[in-house]
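> These protein sequences, in sequence, are chains C and D. Residues 1 to 277 (the UniProt record's numbering) are what the first sequence spells out, left to right. Residues 1 to 401 (the UniProt record's numbering) are what the second sequence spells out, left to right.
Just so you know, these hints were derived from the structure itself, not from any lab. Note that the structure is predicted; figures quoted are calculated from it, not measured. One or more of the hints may lead you astray.
Some chain D residues well away from chain C (every beta-carbon gap over 10 Å; in silico) [said to hold, decoys possible]:
(1) GLU53
(2) THR132
(3) VAL176
(4) PRO203
(5) GLY264
(6) ALA306
(7) LYS325
Calculated pairs, BS3-like style, for lysine-lysine (alpha carbon to alpha carbon, straight line, at most 30 Å) [to be verified]:
(8) D/LYS146 x D/LYS194
(9) D/LYS262 x D/LYS283
(10) D/LYS194 x D/LYS309
(11) D/LYS194 x C/LYS128
(12) D/LYS73 x D/LYS104
(13) D/LYS283 x D/LYS104
(14) D/LYS262 x C/LYS128
(15) D/LYS146 x D/LYS283
(16) D/LYS309 x C/LYS128
Note that CB positions come from ideal geometry on N, CA and C, so glycine has one too.
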Amino acid sequence: MRRRLATFLHRHARVRLSLLLSAPLAWLGLAYLGALAALLVTAFWSTDTFTGNLIRTFTWANFEDLVTGEVYRTIALRSLGVAAAVTLIDLVVAFPMAFAMAKLASPRAQRWLVIAVLTPLWASYLVKAYAWRVLLSADGLLGWGYGLGATILTLSYLWLPYMILPIYAGLERLPNSLLDAAGDLGARGWRTFRTVVWPLAFPAVVAGSIFTFSLSLGDYITVKIVGGRSQLIGNVVYDNIGAANNLPFAAAVATVPVLIMLVYLAAVRRTGALENL
Amino acid sequence: MRSIPRMAAAVAALALAAACGSTETAAPAAPAPGVSGFTPPKIDALASLGAGEGQVNLVAWAGYVEDGSTDPKVDWVTEFESSTGCQVNTKTAGTSDEMVNLMKTGEYDAVSASGDASLRLIAAGDVAPVNTSLIPNYADVFPGLKDKPWNSVGGVSYGVPHGRGANLLMWRTDTVNPAPDSWGVVFDPASPYKGKVTAYDSPIYIADAAVYLMSTKPELGIKNPYALDDTQFQAAVDLLKQQRTIIGEYWSDYTKEIQAFKSGDSVVGTTWQVIANLATAEKAPIEVTLPKEGATGWSDTWMVAAAAKHPNCAYRWLDWIISPKANAQVAEWFGEAPSNSKSCAETADPKHCDTFHATDEDYFSKVYYWTTPIPQCLDGRTDVTCKDYAEWTRAWTEIKG
């Protein structure tokens with residue numbers, strides 16, 4: 001029986017393939033894209049303020065409010081700025097760190113450094129955010145106070161490993177011989193970096209930036225903890241679901257980061273970086 | 001100095017208070033009785049008490065039904081089970097919306113509903129009137145809590161009051177001088193405490209601004225801080241936008257506020273009694289008061305499902321949870337004023353009722369219990385449309401900018 005099944009599968013490549021792909025495709029289709037589709041559909045509904053029930057009739061009202069409300073534009077731009085700043089800071093911090101890990105450290109030290117980078121991920125997100133709250137408090141170690149700057153700083157800390165690891169992996173694949181060749185041909189450090197290391201590590205940098213950018217764009221807890229009086233897109237979504245029970249409007253707001261990410265991914269694709277991942 | 005277990009209990013209670021506090025503002029409610037003329041579906045209350053059904057299914061706020069599993073010392077369910085033979089099954093709900101939805105399933109017998117859920121349940125016919133003559137302990141409930149718009153319709157009671165509390169003004173005694181007696185200190189744009197003022201991070205906080213405007217701008221004619229027409233609402237929103245310039249941070253998490261007051265990041269702002277108690281226990285130099293303008297607050301009600309499968313056990317539970325001892329336990333664990341007048345003699349901390357002003361009707365007459373704003377003005381006006389909670393939420397986003 002088993003043998004016949006094996007023969008059958010061997011002869012029918014398509015059946016074999018469909019069996020292999022059915023689980024991941026079901027996951028992608030139902031759990032992932034399905035949820036996104038549901039979100040998009042909900043955004044065109046409204047809620048009854050008396051009963052709190054969804055009214056399943058098509059309306060553009062949520063998007064009209066979103067587009068005409070000046071406050072939402074401000075918040076979207078602010079969120080975009082925060083995500084960009086976090087990505088930039090993480091890149092500046094992560095690149096030298098990843099380079100040192102991949103090219104300078106001994107294999108033994110390399111392992112320990114990877115563990116050291118990963119360790120903060122084992123601690124709870126909330127604990128780390130509150131630790132920063134204590135650090136930044138008026139009588140804390142840093143005492144810089146709360147606000148947008150504190151949010152950017154805390155997010156940069158939280159997402160740093162997600163930037164270091166892809167760059168580290170990318171740089172590790174970069175043969176040392178290329179660096180030696182550049183040196184032999186007379187290139188100094190900066191020139192080697194600009195013409196050899198950076199172009200080859202760029203896809204890895206893009207991969208890291210996708211993580212830090214999208215994670216920052218969706219965050220609403222850190223800004224609640226250290227953001228003082230500021231708010232980001234995530235808070236608008238949270239307030240509309242958690243407080244107002246207005247799922248449709250929250251869904252409409254939630255399409256904003258989705259759109260931003262699609263634009264970002266499209267831009268990245270044009271650079272050809274995704275093919276090299 | 002508190003012992004460690006008591007501190008742990010207090011922290012847990014705070015967590016619960018925070019969890020519920022932030023959610024009691026959750027859902028749109030039905031109009032107040034007699035205001036926009038809503039008539040609840042005709043459902044008969046239980047006429048007489050029969051034998052217990054052996055179990056009862058409850059929907060409750062976290063901390064309202066404790067059987068010792070959270071803390072072995074916190075248990076008012078086990079004794080109920082052994083004395084009535086009713087096994088208690090609890091479903092903890094995080095928001096008023098969740099409570100309303102759970103009650104719609106018909107699987108549950110009773111619910112601890114807040115002011116923004118109770119009327120929705122009544123209007124939808126999900127809960128039945130309660131025959132209070134079958135609940136002996138009801139006689140001892142503070143008169144100030146009986147027959148209120150959020151627990152009764154047309155003189156018919158739909159539940160028994162569980163407990164209540166007020167949102168207070170807290171300040172650090174070492175920096176704020178003189179001691180404030182008005183919300184003005186958190187609304188004054190020229191405040192000397194600029195950058196260290198805190199406010200509650202929820203759209204329902206607009207009502208706090210409305211309460212302040214009731215006495216400072218009587219020409220606006222605000223009668224109920226949850227019933228605001230366009231002009232009144234705009235005035236409250238403008239006041240809050242102006243307040244934003246002096247705000248250090250908004251809080252919705254109790255630990256955040258305690259820590260901010262301890263470190264001095266916040267020196268004045270709105271709070272709950274439990275937060276003040278815990279901050280004091282952590283040696284923060286703070287004081288609280290109910291400002292002269294009054295304040296917002298909350299009041300919860302236990303209700304029985306219209307389709308209850310275990311009505312007799314549900315009635316026994318309602319009687320039990322407002323019995324002096326159990327009501328004292330839950331009030332202390334949660335950090336609020338009990339609803340039973342005899343509970344004050346039963347609290348572990350003999351001063352609990354004083355701290356939470358349980359017997360002080362004068363204190364609570366200045367408290368406007370959280371109600372969810374709806375288009376039909378809750379203060380009885382029919383010539384204007386009031387702003388509903390969805391609009392409050394959007395305005396809150398705009399206020400924070």
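> Each hint needs a verdict: does it hold in this structure or not?
Verification of the hints:
A cut-off of 10 Å between C-beta atoms confirms that D/GLU53 is not in contact with chain C; the least separation is 30 Å. Every Cβ of chain C is farther than 10 Å from the Cβ of D/THR132; the closest lies at roughly 28 Å, confirming the non-interface assignment. Chain C leaves D/VAL176 outside its interface by the beta-carbon criterion, the shortest separation being 15 Å against a cut-off of 10 Å. Residue placement check: D/PRO203 does not keep its beta carbon more than 10 Å from all beta carbons of chain C (closest about 6 Å).
Interface exclusion of D/GLY264 from chain C breaks down, the closest Cβ pair being 5 Å apart, not more than 10 Å. Separation of D/ALA306 from chain C is adequate, the least Cβ-Cβ distance of about 16 Å exceeding the 10 Å criterion. With a cut of 10 Å on Cβ distances, D/LYS325 stays outside the contact zone with chain C, its closest approach being about 35 Å. The hinted pair formed by D/LYS146 and D/LYS194 fails the criterion: a straight-line CA distance of about 42 Å is larger than 30 Å.
The suggested pairing of D/LYS262 with D/LYS283 holds, with an alpha-carbon distance near 8 Å, which does not exceed 30 Å. Our distance criterion of 30 Å between C-alpha atoms is broken by D/LYS194 and D/LYS309, whose separation comes to about 56 Å. Taking the CA atoms of D/LYS194 and C/LYS128, the gap is about 28 Å. The hint holds against a cut of 30 Å. Proximity of D/LYS73 to D/LYS104 is assessed by CA-CA distance (about 33 Å); at most 30 Å being required, the pair is judged violated.
Restraint check: the Cα-Cα separation between D/LYS283 and D/LYS104 comes to about 46 Å, which exceeds 30 Å; the hinted pair is violated. Restraint check for D/LYS262 and C/LYS128: the C-alpha separation of about 20 Å stays at or below 30 Å, so the hint holds. Our distance criterion of 30 Å between C-alpha atoms is broken by D/LYS146 and D/LYS283, whose separation comes to about 38 Å. For the suggested pair D/LYS309 and C/LYS128, the alpha carbons sit about 47 Å apart, so the restraint of at most 30 Å is broken.
The structure shown violates the earlier hints numbered 4, 5, 8, 10, 12, 13, 15, 16.
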